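Asks: This is what each chain is made of:
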Amino acid sequence: MSSQPERLPRQPPPGTRGQPLPDDSAHAPPVAAGEPVGVLAPYELSVNGTVRRVVGAWVGESLLTVLRDRLGLVGTKGACEQGECGSCSVLLDGSVVCSCCVLAADAVGAEVTTIEGLTPPDGLSDIQQALVAAGGVQCGFCTPGFVVAIHDLLSTRPDATELEVREALSGNLCRCTGYGRIVEAVRIVQREREAVGG
Amino acid sequence: MGSSTVAVCRPSEIGADVRRPDGVPKTRGAFAFASDLSVEGMLFAKTLRSPHPHARIVSVDVAGALAVPGVRAVVTASDVPGAPTFGLEHRDQPVFASDVVRYQGEPVAAVAADDPATAVAAAAAIDVTYDVLEPVVDPEAALVGPALHPDGNVFRHLAIRHGDPDASGDVVVEGTYEVGMQDQAFMGPESGLAVPADDGGVHLHIATQWLHADRDQIAACLGLPPELVHLTLAGVGGAFGGREDVSLQIHLCLLALRTGRPVKMVYSRDESFLGHVHRHPARMWYRHHATRSGDLVKVEARVLLDGGAYASSSGAVVANAACFAPGPYRVPNAVVDGYAVRTHNPPCGAMRGFGAVQVCFGHEAQMDKLAAALGMDPVELRLRNALRTGDRLVTGQVVTGAAPVAEVIRAAVAHPLPPSLDDGLPMMARPGGAGMTADVADLRRGLGLAVGFKNICFSEGFDDSVAARLRLELGASATPVATVHVATAEVGQGFVTLAEQIAREELGPLDVVLADADTGVGSAGSTSASRQTWMSGGAVKQVCEQARRALVDRAAGIWGCAAAELVWLDGEVVWEATAQRMALAEILAGGPVEERCVHRHRPTTPLDAGGQGDAHLSFMFVAHRAVVDVDPGLGLVRVVQIATGQDVGRALNPLQVVGQIEGGTAQGVGLAVMEEIVLDHGQVRNPSFTDYLIPTALDAPDVAITLIEEPEPGAPYGAKGVGEPPAISSGPAVLAAIRDATGLELPRAPARPDDIALRA
Ligand code: FES
Ligand code: FES
Numbered sequence: 001m002s003s004q005p006e007r008l009p010r011q012p013p014p015g016t017r018g019q020p021l022p023d024d025s026a027h028a029p030p031v032a033a034g035e036p037v038g039v040l041a042p043y044e045l046s047v048n049g050t051v052r053r054v055v056g057a058w059v060g061e062s063l064l065t066v067l068r069d070r071l072g073l074v075g076t077k078g079a080c081e082q083g084e085c086g087s088c089s090v091l092l093d094g095s096v097v098c099s100c101c102v103l104a105a106d107a108v109g110a111e112v113t114t115i116e117g118l119t120p121p122d123g124l125s126d127i128q129q130a131l132v133a134a135g136g137v138q139c140g141f142c143t144p145g146f147v148v149a150i151h152d153l154l155s156t157r158p159d160a161t162e163l164e165v166r167e168a169l170s171g172n173l174c175r176c177t178g179y180g181r182i183v184e185a186v187r188i189v190q191r192e193r194e195a196v197g198g
Numbered sequence: 001m002g003s004s005t006v007a008v009c010r011p012s013e014i015g016a017d018v019r020r021p022d023g024v025p026k027t028r029g030a031f032a033f034a035s036d037l038s039v040e041g042m043l044f045a046k047t048l049r050s051p052h053p054h055a056r057i058v059s060v061d062v063a064g065a066l067a068v069p070g071v072r073a074v075v076t077a078s079d080v081p082g083a084p085t086f087g088l089e090h091r092d093q094p095v096f097a098s099d100v101v102r103y104q105g106e107p108v109a110a111v112a113a114d115d116p117a118t119a120v121a122a123a124a125a126i127d128v129t130y131d132v133l134e135p136v137v138d139p140e141a142a143l144v145g146p147a148l149h150p151d152g153n154v155f156r157h158l159a160i161r162h163g164d165p166d167a168s169g170d171v172v173v174e175g176t177y178e179v180g181m182q183d184q185a186f187m188g189p190e191s192g193l194a195v196p197a198d199d200g201g202v203h204l205h206i207a208t209q210w211l212h213a214d215r216d217q218i219a220a221c222l223g224l225p226p227e228l229v230h231l232t233l234a235g236v237g238g239a240f241g242g243r244e245d246v247s248l249q250i251h252l253c254l255l256a257l258r259t260g261r262p263v264k265m266v267y268s269r270d271e272s273f274l275g276h277v278h279r280h281p282a283r284m285w286y287r288h289h290a291t292r293s294g295d296l297v298k299v300e301a302r303v304l305l306d307g308g309a310y311a312s313s314s315g316a317v318v319a320n321a322a323c324f325a326p327g328p329y330r331v332p333n334a335v336v337d338g339y340a341v342r343t344h345n346p347p348c349g350a351m352r353g354f355g356a357v358q359v360c361f362g363h364e365a366q367m368d369k370l371a372a373a374l375g376m377d378p379v380e381l382r383l384r385n386a387l388r389t390g391d392r393l394v395t396g397q398v399v400t401g402a403a404p405v406a407e408v409i410r411a412a413v414a415h416p417l418p419p420s421l422d423d424g425l426p427m428m429a430r431p432g433g434a435g436m437t438a439d440v441a442d443l444r445r446g447l448g449l450a451v452g453f454k455n456i457c458f459s460e461g462f463d464d465s466v467a468a469r470l471r472l473e474l475g476a477s478a479t480p481v482a483t484v485h486v487a488t489a490e491v492g493q494g495f496v497t498l499a500e501q502i503a504r505e506e507l508g509p510l511d512v513v514l515a516d517a518d519t520g521v522g523s524a525g526s527t528s529a530s531r532q533t534w535m536s537g538g539a540v541k542q543v544c545e546q547a548r549r550a551l552v553d554r555a556a557g558i559w560g561c562a563a564a565e566l567v568w569l570d571g572e573v574v575w576e577a578t579a580q581r582m583a584l585a586e587i588l589a590g591g592p593v594e595e596r597c598v599h600r601h602r603p604t605t606p607l608d609a610g611g612q613g614d615a616h617l618s619f620m621f622v623a624h625r626a627v628v629d630v631d632p633g634l635g636l637v638r639v640v641q642i643a644t645g646q647d648v649g650r651a652l653n654p655l656q657v658v659g660q661i662e663g664g665t666a667q668g669v670g671l672a673v674m675e676e677i678v679l680d681h682g683q684v685r686n687p688s689f690t691d692y693l694i695p696t697a698l699d700a701p702d703v704a705i706t707l708i709e710e711p712e713p714g715a716p717y718g719a720k721g722v723g724e725p726p727a728i729s730s731g732p733a734v735l736a737a738i739r740d741a742t743g744l745e746l747p748r749a750p751a752r753p754d755d756i757a758l759r760a
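For the protein sequence lines, the chains are A and B, in the order given.
So for the first sequence, the numbering used here puts the first residue at 1; every next one is plus one.
So for the second sequence, the numbering used here puts the first residue at 1; every next one is plus one.
The shape of chain A in the complex, shown without the other chains (with noise of 0.2 Å):
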């Protein structure tokens, strides 16, 4: 018997948002000699600029899987393991991926930054001390993410106006918050960025 109900047949995940990989498939680290079958060789992620390693890892295991039960990093939160929702946001070379949607192994080569690597040691960032301040946290299962979205849009488009920033962050799901104080948080950082710049 299934232990699993039926399921209407899925579209393949929707993976990275449109952004290619780093072409590391040459450091991707072989399956383990004389470990159960699909576990890796111990291997090396490079995240928030220090080098981690992973021992122990299945195949498949996501970098989300990783990031969180193997090296701890419980910052990036997982809400559907399926690419919608965002939780899991973490920025792959600079660029945002869903980190349950790559594998680890995949990340090998690669600067994986996560929301401990967005924060500054003591203290806040503009973004997260404008979400604070504009009521843009609820339960806050969501704002880990969001804090890694908005991160990736106001680097790449510091000017992006409303309906850009909605736009932007509509791969990220909050259920508590409507979205109204997250979008005036962005527009807060993006005029205090403004004001600084000159």
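Because the hints were derived from the structure by calculation, they are not lab data.
Note that this is a predicted model, so its numbers are computed, not measured.
No residue lacks a Cβ here, since even glycine has one placed at the ideal position from N, Cα and C.
Hints may be right or wrong, so weigh each one.
Over the 12 Å line for every Cβ pair with chain B, so calculated as not near, a few chain A residues [what the hints assert, rightly or not]:
no., residue
1, Gly49
2, Glu81
3, Asp93
4, Ser95
5, Leu124
6, Leu131
Pulled a few chain B residues facing chain A out of the computed Cβ check, cut under 7 Å [what the hints assert, rightly or not]:
no., residue
7, Gly29
8, Ala185
9, Gly237
10, Ser293
On the provided structure of chain A, position chain B with the ligands as indicated by the hints.
Replies: For chain B with the ligands alone, coordinates are given in the frame of chain A:
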């Protein structure tokens, strides 16, 4: 876009836009949600669920699971040491199905293993033989058909008979309406960590809405006294009613006790869709009678809610649906029948708006029909019949508190309309958005209005209480610290902010620490029914007032005067006769002050056989005006703007109130145009965010807000709850606007593209 009209920031604690204390850890990714918890040596659990909505279990063979290396325990119904069933109102739901399964996804077994993948593999290795039976999925059939459960099929029938049942009006309009099954779709999946305790009990860290209701159900099923089951609230990633029922709690505790090791479980998203209750789907028939001049004479309604396989809170939901079926209007005569029935569909229970949402789709469609039949402006018709303080509801209850119904309507329609369609509409702002499908020339804009209301706090004589403890002492640098201990579940709504605001409002500027919410203090009731501002806020206020009296007494002892000669002023005790003052720190130098209280609201009464009684404490009123763009050929809709007037009593933290309004509005809009659990013979066809769509930042409308602040007598600081009203009439307003744009009847929510395109 995104503009909100809000009351300006006020200087005192109460009414100020104080920032949430958990905002910093949440933005840093450092806030521990239940799914982030881990402890050395913990096991991982997985639930095995029935793939069939109705089947007899012939056999369950767990040998295959036990043979998987790394499996530590497998539990089924025969391993439940205490009561075999649980439930919020009626304990009719098995911890594990043993003889028969009554919905798809019903738990049959659970396993604990060394790692999550092993647990999944082991659950799949359990061999269950089912004798598959035909499910009963039509609530009308269940109402009259054979019992699907020893407790029968009718969870509750509430009949309301008010005034003259034979009264009739000059103008009569009739209609039938339907609302689909909505999911709470909170972002943080169900999760918990159970740790066996040395005393033979268990300590569960859990994302929930009501720690004590969970505890009592767990203890009964484990066969343990409640004091051996300790619960601590773990970080909650949203709730909206979906965490009011027990899901994985009992399974986790069983596995922890069985293995003697900590056990963690996190639901996947598809499991979450199957593992918690949903909003009841509704079928409604209405007949409204009015005079030729537009005064309501009588409302007749029959509301049928599909409660799914188990009772959950169906009884209370259908009571709300029946009580609020006529809408917030003066209705002298009413005949209302509300039914909640058992089927083999997924169990339904609490979701934001709790019965008031479904009927709002019905009564507001009726008010528009009536306005059309009378040739009257729909706003005018509603204003003419709007409830006022002193009016009687169809339950016979007189509304004694604030009832600014006309005010919320006027506020909603007073907001400026968004720029018209001709002013150029970027592609992304059209229905269909990035799909680049809708041509501006094909678009039609529609406007709709809807008004709703709902009770605050628990009703029908429920003993609604919150226990609070307070400890005042000198902290590290001899500054006063207040430690507040309540079992209130913070699920994102911002109670943690209000607790600090209230403590400072009452005790002056001091550090406030909120102790972990747990079962070490008395119950705080559920974070539901928009009740925690009133109930837990009221408890914090009350315990602070007690502490103030204790501080004054102590100061009187120090000075050797009568306490009656002293007053509390700006965080100090003042002896007016001598103009002496004693600061909080000075008083606390003599040792800490500890107070505890149990806060209750005015009692309510049950409803009698005719549905009459003072069943509710107080009411919140709200109006929404929706502006939508529709492409009738493609059936695509974009909600451009929602303008709202909301009766809040008093906004204790206007920024948080705006957050509740915008968030609740998005959920209402979602129900109107996209959100529905699709069922096929009891099978959930869309248990994923790929197939169950919730609004994104592009779908969520601009929300223009006016807060109506008419303080509510008896409520702390005059504040009503604010969480639910935004989800009540926003959806019906959207549907009205789509009708306005298309001329279609659209009796069903959500209005799907094919409901529009294929009938246009
Ligand atoms: S968890 Fe990766 S997109 Fe939802
Ligand atoms: S704040 Fe709860 S999901 Fe966004």
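Asks: A cut-off of 12 Å on Cβ-Cβ distance, and glycine 49 of chain A was said to be off the interface with chain B. Does that hold?
Replies: Given a closest Cβ separation of 16 Å, the condition holds.
Asks: Serine 95 of chain A: least C-beta distance to chain B exceeds 12 Å?
Replies: The claim stands: serine 95 of chain A keeps its Cβ more than 12 Å from every Cβ of chain B (closest is about 19 Å).
Asks: Please confirm whether leucine 131 of chain A is truly not at the interface, meaning its C-beta sits more than 12 Å away from all C-beta atoms of chain B.
Replies: 5 Å, violated
Asks: Are all C-beta atoms of chain B more than 12 Å from that of leucine 124 of chain A?
Replies: 6 Å, violated
Asks: Is the nearest CB of chain B more than 12 Å from the CB of glutamate 81 of chain A?
Replies: 7 Å, violated
Asks: Holds or violated: the hint that glycine 237 of chain B contacts chain A, with Cβ atoms closer than 7 Å.
Replies: 3 Å, holds
Asks: Go through the hint on glycine 29 of chain B and say holds or violated, using the shortest Cβ distance to chain A against 7 Å.
Replies: Interface hint status for glycine 29 of chain B: holds (2 Å vs cutoff 7 Å).
Asks: Compute the least Cβ-Cβ separation between aspartate 93 of chain A and chain B, then decide whether it is above 12 Å.
Replies: Correct as stated: the minimum Cβ-Cβ distance to chain B is 20 Å, above 12 Å.
Asks: At a threshold of 7 Å, is the proposed contact between alanine 185 of chain B and chain A supported by beta-carbon distances?
Replies: Check passed: Cβ of alanine 185 of chain B comes within 6 Å of chain A, closer than 7 Å.
Asks: Can you verify the interface hint for serine 293 of chain B: is its Cβ closer than 7 Å to any Cβ in chain A?
Replies: Hint on serine 293 of chain B: violated, closest Cβ of chain A at ~39 Å, above 7 Å.
In this structure, the earlier hints numbered 2, 5, 6, 10 are contradicted, and the remaining ones agree with it.
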